[in-house]
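Participant: This is what each chain is made of:
2 protein chains.
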Amino acid sequence: MTSRPRVLVLGGGFAGIGAARKLGGADVDVVLVDRHDYHTFQPLLYQLATGLLETTAVGHSLRDLVKDQDNAVIHKAPITGIDLDAKEVSFDGLAPETYDYLVLALGAEVTFFGTEGAAEHAFPMYTMAHALRLKDHVLERWEAADKDADLVEDGALNVVVVGGGPTGVETAGALAELYRDNFARDYPGISQEKARIVLVEAGDEIFAMFKPNLQKYAREALEKRTVEVVTGARVHSISPTRVTLASGEVIPAHTLVWGAGLQGNSLVRSLGIELQHGDRIAVGPDLELPGHPGVFVVGDIAVITDARTGQALPQLGSVALQSGEHAGESIARRVAGKATKPFSYRDKGTMAAIGRNAAVVQMLGGRTMKGHKAQFAWRTVHLALLPTNEDRAKAVVDWAGSELTHQRVGRISVGPDE
Amino acid sequence: MTSRPRVLVLGGGFAGIGAARKLGGADVDVVLVDRHDYHTFQPLLYQLATGLLETTAVGHSLRDLVKDQDNAVIHKAPITGIDLDAKEVSFDGLAPETYDYLVLALGAEVTFFGTEGAAEHAFPMYTMAHALRLKDHVLERWEAADKDADLVEDGALNVVVVGGGPTGVETAGALAELYRDNFARDYPGISQEKARIVLVEAGDEIFAMFKPNLQKYAREALEKRTVEVVTGARVHSISPTRVTLASGEVIPAHTLVWGAGLQGNSLVRSLGIELQHGDRIAVGPDLELPGHPGVFVVGDIAVITDARTGQALPQLGSVALQSGEHAGESIARRVAGKATKPFSYRDKGTMAAIGRNAAVVQMLGGRTMKGHKAQFAWRTVHLALLPTNEDRAKAVVDWAGSELTHQRVGRISVGPDE
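Protein chains in written order, with my numbering: chain A, 2 to 419; chain B, 2 to 419.
Incorrect hints may appear among the rest.
The list treats identical chains as interchangeable, and a pair is accepted whether it falls inside one copy or across any two copies.
[Stated by the list, open to error] Here are the simulated BS3-like pairs of lysine-lysine, each with C-alpha atoms no more than 30 Å apart in a straight line:
(1) Lys217 / Lys195
(2) Lys148 / Lys23
(3) Lys342 / Lys212
(4) Lys23 / Lys339
(5) Lys68 / Lys225
(6) Lys23 / Lys342
(7) Lys195 / Lys68
(8) Lys148 / Lys217
(9) Lys88 / Lys68
(10) Lys148 / Lys195
(11) Lys88 / Lys148
(12) Lys339 / Lys225
(13) Lys68 / Lys148
Hints are computed from structural coordinates only; laboratory data are not their basis. Source: prediction; values computed, not measured.
Please model the entire structure based on the sequences and the hints provided.
Facilitator: Structure, rendered in structure tokens:
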């Protein structure tokens, strides 16, 4: 038994990693638990799903990220229960852990809003497994259609992407480039007209979080890439081969990508605390959970208000990372007998990539960028988010390679052998 | 219907790819069928299994490899039957294909020689799926042992590698570096003494195909990497947690890697032709199947005699590639009304890598190299075997990165979500 304060970090995403690494120099024992042995670089999942990047460019060994930190250990285990009063967390296949400080960095999970057939047939895009499942499915449909023209006519190659936010737009744009640049060459016998990509957004415009000029730019950039953008439309139900809109329109498509709808990790519902919209948790200025000293809530599950601007902050990777780091610093200060500080966000901007040389950036202040310049900013920010210099080097090489060759080396399907 | 001769290539390994690409300029229609949508770079499978390389560095899109060849199409389908008299091949999920010329490049498959429990519990190393399955299993055992010390005592981290050929030696050496360099840091709480790597070879020495000085070097290089080399020993039976040798000795180990035993693809048994030892097929000087004009047999399933030296050639990637290319050339000559030429092998040497800066090379002539110099030669030859310049660039980057950092970015386990 050690007498040092025990810090339990739940979740190995941007927020959890930020907290664990900031505690490197602190006189504490850090235990980080995640259900995977890797950190997922979520902003690049759509590039994994479309064969542009490989798993190791998106998933990074958690142990690697704390390897220089002798006060931190990693455990891979699903979390089964959190008892804030007993200060104890239970796991599947791992003895319960007690804590002096807790960092809740559980992230969000996908919700289908009860859309009929979605849970069974939709392809969400929030985890590495999601991205690989989507990639393998799309490749399988092209292989099958290449052998059976009837499948092409049945819409086997059509994809409906639901949600006009960054996930939906980035996935739709990347699928269009995969189809028109790569599959057009891989499957010369199949007419690209028979392979539609339809982006469906319930609101009046895609990219609701962006200014009108960026919304217009994004729609044009998608349409230039032959993505059909349908706004003001809701998906009513999904079958393995058909998507039915609320209007009654039926789109033949064997693939529906679900880029809409996140809610707080369902574990938070059992915490016995008041939850905000979408099962998220409101926190104090220093990100502490009101009424539970020593418990800090960060990342996507937290409703965070910027101390300087008073604005509620969006659910972004950079907000997650910075809030996690702040929680780590706050715990270090507590342990050292100092007071915590309120959290204020250093804005890196909200950004999304529609495709090659087509991205949008909007700062909280309101400044916007698009095109080449925005893509450069997008890459700069995402490289900064990458956990190690090696990752940064690899991503630059991969991006440079794909720009030169338009190749997508990842468009292979490596399943178990028959 | 086209009136051009139809060339059917069965198998997308080195031999099949070599044949298909050599036919690029020929006035024929080429159909290449493989059960995967990728070409497997088998010499690097052990690097995939130990997290040094990623799937896309070992598997390359078959369609990508013939994308500049408008006379070639790729189909992904398991082969179910070959009728040499009817000149027709049947597939699972694909209409039967007739041919004017056939290139049999089916490769080998693993045989366990009836070793008890091997089919159920051993981890062979011949396909990408094998390599990923081994990697995930080893990672899972370490994760489990990290939570349960009893597992460590039960030998959960011990690995027995069967077979002192290149596959066994390279896998054992790479596992040792993964254990001692990476897992030692990833799992500081686990004593490396509790994680044994035992290489079991039935013969008197490992690397039977190499000269004694290289055998001695390889054994010393393995032992320097803490691999226990046991020669003159056979595996009698395998259970999920124990390996029993013919001597009766029982080695506690939850992982047995099967690096021994290949035989010709079982499809060849149904061809109704005489087979050599290990279900391989003897071919004529131009690699044609005696009695079956227009049928060429290449790669691991062929017993090839060098036209110049009269020596039987080993089952090597470079022999497979060159024999496949020769078959492609022979068919092109036939179609052009020219006579075929006998095949003679341009020796690149037999080589294997024991670990970082430790490799061996032996030319057919008898010249040998070891250490740094051999590793350089190993890389040169393997880079030459890689299908595209992009692949070569990626491999160099990956190797350079791992040399600098000793990192293994692939040591994550990306399974489907719970």
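Participant: Since the copies are identical, ignore which copy is meant and state whether Lys68 and Lys148 lie within 30 Å (CA to CA) inside a copy, between copies, both or neither.
Facilitator: between (49 Å within a copy, 18 Å between copies)
Participant: Regarding Lys23 and Lys339, is the shortest C-alpha distance of 30 Å or less found within a copy, between copies, in both, or in neither?
Facilitator: within (16 Å within a copy, 73 Å between copies)
Participant: Pop the pair Lys339 and Lys225 into one bin, within, between, both or neither, using alpha-carbon distances up to 30 Å.
Facilitator: neither (56 Å within a copy, 51 Å between copies)
Participant: Between copies, within a copy, both or neither: which fits Lys88 and Lys68 at Cα up to 30 Å?
Facilitator: Result: close within a single copy only, 27 Å intra versus 60 Å inter.
Participant: Regarding Lys88 and Lys148, is the shortest C-alpha distance of 30 Å or less found within a copy, between copies, in both, or in neither?
Facilitator: This pair counts as between: shortest inter-copy Cα distance 21 Å, intra-copy 58 Å.
Participant: When Cα atoms must be at most 30 Å apart, do Lys148 and Lys217 count as within-copy, between-copy, both, or neither?
Facilitator: Neither: 39 Å inside a chain and 53 Å across chains, both beyond 30 Å.
Participant: Evaluate Lys195 and Lys68 at a C-alpha cut-off of 30 Å and name the case that applies: within, between, both or neither.
Facilitator: Between. Shortest inter-copy distance 21 Å satisfies the 30 Å Cα cut-off; intra-copy 50 Å does not.
Participant: Pop the pair Lys68 and Lys225 into one bin, within, between, both or neither, using alpha-carbon distances up to 30 Å.
Facilitator: between (46 Å within a copy, 25 Å between copies)
Participant: Is the C-alpha distance from Lys342 to Lys212 at most 30 Å within one copy, between copies, in both cases, or in neither?
Facilitator: Answer is neither; intra-copy 32 Å and inter-copy 69 Å both fail.
Participant: Within a copy, between copies, both or neither: where do Lys217 and Lys195 come within 30 Å Cα-Cα?
Facilitator: Classified as within: same-chain Cα gap 26 Å, cross-chain 62 Å, threshold 30 Å.
Participant: First find the shortest C-alpha distance between Lys148 and Lys195 inside one copy, then the shortest across copies, and answer within, between, both or neither for a cut-off of 30 Å.
Facilitator: within (15 Å within a copy, 52 Å between copies)
Participant: 30 Å Cα cut-off: does Lys148 pair with Lys23 within a copy, between copies, both or neither?
Facilitator: between (54 Å within a copy, 25 Å between copies)
Hints 3, 8 and 12 from the earlier list are contradicted by this structure; the remaining hints agree with it.
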